[in-house]
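Trainee: Here's the letter readout for the chains.
Protein chains: 2
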Amino acid sequence: MADSTKAGSSDTVPHWEEIDSERIADCRIFDVFSKRFRHPGRESAGDFYVIQTRDWVNVVPITPDYQIVLVNQFRFGVKQTSWEIPGGVMEAGEDPVAAGLRELQEETGFTASKARLLGSVRPNPAIQSNTCHMVLAEKATLTHELEWDEHEELITKTVPIEEAFKMVERGEIFHSLVLNALLLFYPDWLKMQARRRD
Amino acid sequence: MADSTKAGSSDTVPHWEEIDSERIADCRIFDVFSKRFRHPGRESAGDFYVIQTRDWVNVVPITPDYQIVLVNQFRFGVKQTSWEIPGGVMEAGEDPVAAGLRELQEETGFTASKARLLGSVRPNPAIQSNTCHMVLAEKATLTHELEWDEHEELITKTVPIEEAFKMVERGEIFHSLVLNALLLFYPDWLKMQARRRD
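Protein chains in written order, with the working numbering: chain W, 1 to 198; chain A, 1 to 198.
Since the hints were derived computationally from the structure, they do not count as laboratory data.
This one's a predicted model, so the numbers in the text were calculated from it and none came from an experiment.
Quick reminder that beta carbons are idealized off the backbone N, C-alpha and C, glycines included.
Check each hint, because a few of them may be wrong.
[Said to hold, decoys possible] These stretches of chain A come out as covered by chain W in the derived footprint (C-beta under 8 Å, 3 or more residues):
1. 12-19
2. 22-28
3. 49-61
4. 69-81
5. 86-94
6. 120-130
7. 137-144
[As the list claims (entries may be wrong)] Taking lysine-lysine and the BS3-like style, the derived pairs with C-alpha atoms no more than 25 Å apart in a straight line are:
8. A:K191 / W:K166
9. A:K114 / A:K139
10. A:K139 / A:K157
11. A:K139 / A:K79
12. W:K191 / W:K79
13. W:K166 / W:K79
14. A:K139 / W:K191
15. W:K191 / A:K166
16. W:K79 / W:K114
Start from the sequences, fold in the hints, and give me the full structure.
Mentor: Quick look at the structure:
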């Protein structure tokens, strides 16, 4: 899952060509485009709506005693509160690991001395252009004041890693991209458990 | 993960109240709304953009010989082809399992004699209102002609289940919701492997 931009193998459908693009809505954190694509073989074209936005980053913050740092936020799309890992929108040109550590510190005040990219996914290839990067941040400790964006309001808590996976099973963590991050983290969690047993 | 609409526990942030909603773009398969929310305690309000769309369904189709049915499509959001499991938009009032079986048949011609809901996730709680249901369809066999929507063009292939998980590792399956479905299917796959060994 490391490289989401990998070209498909040859046994795939043909690539349509983009021949026109018009921005129809500016929604601050994303833009909506109407795009016209031409099929390479059929002599036909179609209009498709695409949501363009910067890449996103999610960070799995693990404390020295194998707790995971979770944040609770009110989410306006689903109109309910949601338990998630920290994350947000990347700056232009920002490295995914640096972005993950920045979001971690801004949202929770935690910093981490060890971090790496777990992998990257496409949030919705059909209607979204962007990529979401997943970062593992180890040895995370509370060191800083919070720096929330306007309207941001979070509750931070740390739970044992096994409890976070139980929250997944109980439906208390339901954000698809957070679930992706926990899936990518799972092999590391198995290794951490083996280390703790030694 | 069964119930994505579960209310948060009491240690969560407060719920904002929606006080206004205006549709600013009709994008055929989704609508974009500008919504005004009021914070319950702060005496402040803010405007947030929300993408409203019907619920979605993804289906994990397993053949009697433990292959998984994959489809390849050109995806206009990322402008590349994508290997995915079948899925699509649910009809109003449609049962998730029925919707999954319908999409499976329309997209691939496969039907399945055994199916159940694996779980449900929220594709993006921050900016999307909807839920994506994940359905397991077992004993799937090719029985029908294809019924593609306009502009739909798919290549179907069946691969051993273990190969699908290798495609995930190699970054050849990168759609976040498909990865969610495979995560939810994983415990069933462990049971299937145990059954095969007996």
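Trainee: Is the straight-line distance between the alpha-carbon of K79 of chain W and that of K114 of chain W 25 Å or less?
Mentor: violated (35 Å)
Trainee: With a C-beta cutoff of 8 Å, work out whether three or more residues of the stretch 22-28 of chain A approach chain W closely enough for the coverage to hold.
Mentor: Three-residue rule met by the stretch 22-28 of chain A, so holds; n is 4.
Trainee: Is K191 of chain W within 25 Å of K79 of chain W, Cα to Cα?
Mentor: violated (37 Å)
Trainee: Hinted pair, alpha-carbon criterion (25 Å max): K139 of chain A, K157 of chain A. Please report holds or violated.
Mentor: holds (16 Å)
Trainee: For the stretch 49-61 of chain A, count the residues whose Cβ lies under 8 Å from any Cβ of chain W; is that count three or more?
Mentor: Coverage by chain W holds here, the residue count being 3 at a Cβ distance below 8 Å.
Trainee: When I compare C-beta atoms, does the stretch 69-81 of chain A have three or more residues closer than 8 Å to chain W?
Mentor: holds (count 10)
Trainee: Can the stretch 12-19 of chain A be counted as covered by chain W under the rule of three residues or more with Cβ-Cβ separation shorter than 8 Å?
Mentor: Satisfied; 6 residues make the cut.
Trainee: Hint check: K191 of chain W vs K166 of chain A, CA-CA at most 25 Å. Holds or violated?
Mentor: holds (19 Å)
Trainee: Quick one, are K166 of chain W and K79 of chain W close enough, alpha carbons at most 25 Å?
Mentor: Holds, at about 23 Å.
Trainee: Hint check: K139 of chain A vs K191 of chain W, CA-CA at most 25 Å. Holds or violated?
Mentor: violated (35 Å)
Trainee: Checking one constraint from the list: CA of K139 of chain A to CA of K79 of chain A, max 25 Å. Satisfied?
Mentor: Status violated; Cα separation ~33 Å.
Trainee: Please verify whether K114 of chain A and K139 of chain A have alpha carbons no more than 25 Å apart.
Mentor: Judged against 25 Å, a Cα distance of about 6 Å means the pair holds.
In this structure, the hints that do not hold are numbers 5, 7, 11, 12, 14, 16, in rising order.
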